Amino acid sequence: MNKIIFLDAKIGVDSIGRIVNVLRKGKVKFQEINMKFSDENVSVYIKLDGELNEIEWLTKKLYRLADVENVKVVEDG
Amino acid sequence: MTIYDAFYGVNDVKLFTFKHEQGAIHAADAYARIKKIPGVVMVTSGPGATNLVTGLANAYMDSSPVIAISGQVATEILGRDGFQETDIIGVTFPITKFNYMVKSPNELPSAFRLAYKIALSGRPGPVLIDVPKDLQNAVYEKDEDLSKKIKLDKFDLPKPDLQKLSQAIDILLNSERPVLLVGGGVYWSGAWPEVIKIAEIFNAPIVSTFPGKNSIPNDHILYMGPSGMHGRVEADAALANADVILALGTRFSDRTVGRFREMNEKTVIHIDVDASEINKNVRAKVGIVSDVKEALQLMVKMLPYVAKKNEKFLNWLYSIRRSYEEVLERLSSSMDFAPWKVLKILRKSVPADCITTTGVGAHQMWCELHWDVYVPGTFITSAGLGTMGFGLPAAIGAKIAAPNKPVLLIDGDGSFQMTMSNLSLIRDYNLPLIMVIFDNRALMIVKQWQLYMYSRRVFETEFSHRPDFIKIANAYEIDGYKPSSYDEIERLVKWSLRNNEPILLDIPLDREKDIVLPWVKPGSWLTEVIMPEGMNVDLKYSEKNE
Numbered sequence: 015m016n017k018i019i020f021l022d023a024k025i026g027v028d029s030i031g032r033i034v035n036v037l038r039k040g041k042v043k044f045q046e047i048n049m050k051f052s053d054e055n056v057s058v059y060i061k062l063d064g065e066l067n068e069i070e071w072l073t074k075k076l077y078r079l080a081d082v083e084n085v086k087v088v089e090d091g
Numbered sequence: 053m054t055i056y057d058a059f060y061g062v063n064d065v066k067l068f069t070f071k072h073e074q075g076a077i078h079a080a081d082a083y084a085r086i087k088k089i090p091g092v093v094m095v096t097s098g099p100g101a102t103n104l105v106t107g108l109a110n111a112y113m114d115s116s117p118v119i120a121i122s123g124q125v126a127t128e129i130l131g132r133d134g135f136q137e138t139d140i141i142g143v144t145f146p147i148t149k150f151n152y153m154v155k156s157p158n159e160l161p162s163a164f165r166l167a168y169k170i171a172l173s174g175r176p177g178p179v180l181i182d183v184p185k186d187l188q189n190a191v192y193e194k195d196e197d198l199s200k201k202i203k204l205d206k207f208d209l210p211k212p213d214l215q216k217l218s219q220a221i222d223i224l225l226n227s228e229r230p231v232l233l234v235g236g237g238v239y240w241s242g243a244w245p246e247v248i249k250i251a252e253i254f255n256a257p258i259v260s261t262f263p264g265k266n267s268i269p270n271d272h273i274l275y276m277g278p279s280g281m282h283g284r285v286e287a288d289a290a291l292a293n294a295d296v297i298l299a300l301g302t303r304f305s306d307r308t309v310g311r312f313r314e315m316n317e318k319t320v321i322h323i324d325v326d327a328s329e330i331n332k333n334v335r336a337k338v339g340i341v342s343d344v345k346e347a348l349q350l351m352v353k354m355l356p357y358v359a360k361k362n363e364k365f366l367n368w369l370y371s372i373r374r375s376y377e378e379v380l381e382r383l384s385s386s387m388d389f390a391p392w393k394v395l396k397i398l399r400k401s402v403p404a405d406c407i408t409t410t411g412v413g414a415h416q417m418w419c420e421l422h423w424d425v426y427v428p429g430t431f432i433t434s435a436g437l438g439t440m441g442f443g444l445p446a447a448i449g450a451k452i453a454a455p456n457k458p459v460l461l462i463d464g465d466g467s468f469q470m471t472m473s474n475l476s477l478i479r480d481y482n483l484p485l486i487m488v489i490f491d492n493r494a495l496m497i498v499k500q501w502q503l504y505m506y507s508r509r510v511f512e513t514e515f516s517h518r519p520d521f522i523k524i525a526n527a528y529e530i531d532g533y534k535p536s537s538y539d540e541i542e543r544l545v546k547w548s549l550r551n552n553e554p555i556l557l558d559i560p561l562d563r564e565k566d567i568v569l570p571w572v573k574p575g576s577w578l579t580e581v582i583m584p585e586g587m588n589v590d591l592k593y594s595e596k597n598e
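Protein chains in written order, with the working numbering: chain A, 15 to 91; chain B, 53 to 598.
Source of the hints: derived by calculation from the structure; they are not laboratory data.
These numbers come from a predicted model, not from an experiment.
Heads up, some of the hints might be wrong.
To be verified - Partner residues aside, some chain B positions facing chain A, computed with beta carbon under 7 angstroms:
| no. | residue |
| --- | --- |
| 1 | F145 |
| 2 | P146 |
| 3 | K169 |
| 4 | I170 |
| 5 | K203 |
| 6 | A327 |
| 7 | S328 |
| 8 | K332 |
| 9 | I530 |
| 10 | Y533 |
Claimed, not checked - In the DSS-like style, the derived pairs of lysine-lysine whose C-alpha atoms are separated by at most 25 angstroms in a straight line are:
| no. | chain 1 | residue 1 | chain 2 | residue 2 |
| --- | --- | --- | --- | --- |
| 11 | B | K194 | A | K74 |
| 12 | B | K169 | A | K74 |
| 13 | B | K155 | A | K86 |
| 14 | A | K74 | B | K155 |
| 15 | B | K88 | A | K24 |
| 16 | A | K74 | B | K332 |
| 17 | A | K61 | B | K332 |
| 18 | B | K155 | B | K332 |
| 19 | B | K201 | A | K86 |
| 20 | B | K206 | A | K74 |
| 21 | B | K573 | A | K86 |
| 22 | B | K88 | B | K185 |
| 23 | B | K88 | A | K50 |
| 24 | A | K50 | A | K74 |
| 25 | B | K201 | A | K50 |
| 26 | A | K86 | B | K200 |
Even glycine gets a Cβ: it sits at the ideal position worked out from N, Cα and C.
Whole structure, please, built from the sequences with the hints as guidance.
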């Protein structure tokens, strides 16, 4: 199942480091990851393919990160 | 150095210098678990910081609020392989709840305030703040508030969902054999009175995880013990035969349930502060994200009268317990020192609120099976990461946290040797400990795996007669003894307590007999437990069982 996760982060590449380390735990396939920086604010777009349970779990783990907010999961397409 | 220097002459902060940074962070971890406030460890850059890694991972896995402050090279050298430079932020991303390199001196006060709050909020965990050297030397001008980068309110716990609580109550009222599974989160929530209340209302057995042993008075009649890999058979039987499990403050570790497949066939009500733990390993029919204490208090108010049930089931579980203890009594007659008997002697020799820490190994698993925790918060062990060497520095940290309480370390010879350099703090800072080494001269649990799972190919898990632990203790001006009887163990421990003197007891154990059973092998289900010789109990409950 293809899904897209959108999120915002607040501490530049250090936030990305944290996010990537969470993503690495997921038993999913990553298709695309895009980041847009505005000073230290980062908007991240993650396109992935996996079981819904697994994607939902990853989303909860991402939301737990102190410097991450506005985590949304949408269907791809 | 500048931060360190700033403590010179400061009287209201006490510093304890450890011989290795791993010891310092384990001590801070134990301190935090007892005081329920962050334990703080401070290290230099480079190898000082990297020596924290095991301790951070340990605190992360056991959800302990530790704050680590690391020095860092000056900002102009950063990233250029300076002397003692390590990217500790990069190294510790996966093992910290949060980490942050300070970018200006104005951020420092806010960074420390945030570290404190993040470490404690929601599910506790370790936080690392990295402070470059030039910023330590720079002039602070005004507070730069970092809280706009961090949404702290996300860690505020939601109120328990009343509809879900109502659903959970319906399920419990219609259950036949409900069982409570108590994790370490119950301790952090202070929820054991409510757990006991619910268990008593339903007359339901209480099973714990290994960290959950610290969450509930182990002498309560309904407490069966911890379940899982090195859990009690009656606890395994309770969980395996439950139709409904009320899981509280637990993350459903594989060590607790053996196999997830069978657990997923049960009806699970899961209450936890961390939403990401619900449905992670075991599917919950009802998942409630909230503080456990608050949820259970509401549940008690919402419950109607519940007719007593489960007597037959409980009696069957108690009969399993009796079978195990009868077998152990027989086995102990052929041993100079049976580990479980040593634990019973130690338990009766120290007061109920004695704080006990353990290392990792066979001794720890014997503690899981046979150490009775009478007061929640007095059993400190490395459960999630299983870090050898945790015990002694944790005991030191416990003594710092609770100087007026006796502290008992139960360690293995292998685990003890990993951090025994920290013995020097005992006399240097007047931190008397009772230290008991279960000395089987082996990495016994590894040897057990070799025997049972690797066709008895035992190699590189047995040690020589070196070192002499008594001489090691004496080198640090600590009395050491090798007791020759259970009575002597009791006498020496009581002497240590009476005189508030540190002591080390080296208990020789037979490494051919020190096999920790019962044992649920990795990947097995709870009913497939290997029982000690002479114990043969069917762990499938039927209404015909007494």
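Point to revise | Broken hints, by number | key: 3, 9, 10, 11, 13, 14, 15, 18, 21, 22, 23
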